[in-house]
Amino acid sequence: MIDVAASASALSMLVSSLTPWLIVIPGIIIGLIFGATPGLQISMAMAIFLPMTLYMDFLQAMLFLTAIFTGGSFGSGIPAILMNIPGTSSAIATAFDGYPMAKQGKHNEALGIALASSVFGVLVGYLILFMMIQPISLMVLKLGPSEMFMVILWGMTLIASLRGEYVLKGLIAGLVGLLIGTIGFNEIGMARGTLGSFYLFDGIPVIPAMMGMFAASELFRIANKQFIVENKASRKVELRKIAQGCKMAFQSPLVMLRGCLVGVFVGAVPGVGSSVSNLLSYVETKRRDPDPDSFGKGNPKGIVASESANSTSEAGSMATLLALGIPGGGATAVMLAAFAMHNITGGPQFIREQTDIVYAIIFANFAQVFFLMILGLLFIPLLANIIKVPMRYLIPTVLVLAVMGSFGLTGNFVGPFTVLAFAVIGWLMRRYGYSVPAAVIGILLGAMAEKTLLHTYQISGGDISYLLERPATLAIIGLLLLSLFGRHLLALMRFSMHKMSSAKN
Amino acid sequence: MNKPRYDVGHLCMLIGLVGFTLWYLSDAIRVSFTVPNLLLILPVAVAILILALAELVMSWRGGKLFEVVDDEPVREILPIILLFAAYVLSLPWLGFDLGTILFVAIFLRMKKETNWYLVIGYSVGFGLAIALFFALMLPYPMPMTFLPID
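Going down the list, the protein sequences come from chains A and B.
Residues 1 to 505 (my numbering) are what the first sequence spells out, left to right.
Residues 506 to 655 (my numbering) are what the second sequence spells out, left to right.
Each hint can be trusted.
Residues from chain B that keep clear of chain A, each with C-beta distances beyond 12 Å, as calculated:
no.	residue
1	ARG510
2	GLY568
3	TRP621
4	THR650
5	PHE651
6	PRO653
Under the rule of at most 25 Å between Cα atoms (straight-line distance), these lysine-lysine pairs were calculated in the DSS-like manner:
no.	chain 1	residue 1	chain 2	residue 2
7	B	LYS616	A	LYS225
8	A	LYS236	A	LYS297
9	A	LYS388	B	LYS616
10	B	LYS617	A	LYS388
11	A	LYS451	A	LYS142
12	A	LYS236	A	LYS225
13	A	LYS388	A	LYS236
14	A	LYS225	A	LYS388
15	A	LYS232	B	LYS616
16	A	LYS232	B	LYS617
17	A	LYS232	A	LYS297
18	B	LYS617	A	LYS225
19	A	LYS297	A	LYS388
20	A	LYS225	A	LYS297
21	A	LYS236	A	LYS247
Treat the hints as calculated values from the structure; they're not laboratory data.
Bear in mind that the values here come from a model prediction, so they are computed numbers and not experimental data.
Backbone N, C-alpha and C define an ideal beta-carbon position, used for all residues, glycine too.
Generate coordinates for the entire structure from the input sequences, incorporating the hints supplied.
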């Protein structure tokens, strides 16, 4: 339901003064830089610049923080494409096809696809938020741990679909990853697999592990190459090709729209958010594609699916924040702190009483989309030059970035040691045919899966019939089964219909 | 040089993964043999053991258990891994500035960068700049040799 009077008031707030816009461009640039630097998180950028918002009014503060969020959500895809290092967990699936495209000399197109998909994702996400903020918030209120577990289980089915060449090895890698993800204290205060070290009480730091497995292990493998792209002609940075990439993204409108829908709804689920949405969108696209084997080898649709979903997740997490006052992840948690600094509490009352402010934030994000497009086009040619750097310079540079970034994430040497350990594990896994992405997904979802499963067990008292009383859980199970067996079911139906019609004839 | 006729890496990798699973399961059981503690870990561990057994049997029957992997030059990769390990493990003593300078310089020399001006210039310039950047951006002190800690 759209409040027309509040919309008009929001528009007048935004156009009556230039002041709110002055902080949007610096915000996007900060987000781009932090997102594109491995190890520097979007939430870290927002936390560092949070004190600056004390000198702004609430609307300006929100515009500044959402601008960082928007810039960062695209920025994290840049190292995923150029260096195989997802800047954040929300860009994991971007690396699956983005990096192979870069290795084929299609880095310009890949970055263009990522930019267009991100821009479109942010636009659609906030459009859905504008029209459906109240229904989304009501939906989120109905989600309990059993529904969250099912969403995670849906994400975990990815392990089976990312198997690559070897099915069994892919599953083993994913499940071992799941176990690694549960190392440390669980919800009931039991510490497992810590070897008595208090550094492991919080578990294995996921992003450093991801940096080690994805980036460092890959760099070891290609250490003998002169350049990422051996062909000199393919190393050129061309704005024309980046623009072509932007066009290519719109050649898969269904993939993009599906990514947006997955992004906004999964993004609204607290704690799950963009980390899962990009993977879900990617696997659904791969599953439905007539040529699923081309994924992971540089299929542009893979980037479209991932980037549209992770950018739309921003709007989803904003829905939960604005309507319920619940942060979905690190970035929205910092925004919640900004709420507190301005004596504002998110929730149904905030939406009811300050609808114009909520709409102003949403409208401002529509405008941010255009700023992101322009700034992205200006920044990409600068960043794409990475491809021209000889490997003997690029490899130590990226390894150092990963090590320092991981130190930044953990605040101690657990981060760098994790990068080292998982770099070696990742290299061995690649060498012997075990799926590294499956293991990373397992590590990412392990703790979340255990927590939600435990909460479901506690609420239900171990009675499985509890699930039958949860229509939302059943709906998600239905979707999960449909995504797993829908294709086979459709093929079976077609076959039986064909058989019936030939029997009639 | 003769190529090896078999590679025990596949088997070692599988044994390593199964070994980790068994150790982790036993550690979890040692901590608490209760349903809430083992709710996820036990079924996942059992699934891994079954899958690993299936993989062992299938690769043995398919003749792939000792198949030689020769798509990458291990003799050239191992020194890089060792150098990276030395860099990471020595950081607490060398600090991020000196450690990074040495790591980058040794790496460039290992990869046969012959121009000493470039080796010294890039390793010192990049090492100091990146260490300073992170030291300024991060809210906690980073160990350094030359640069100020805070």
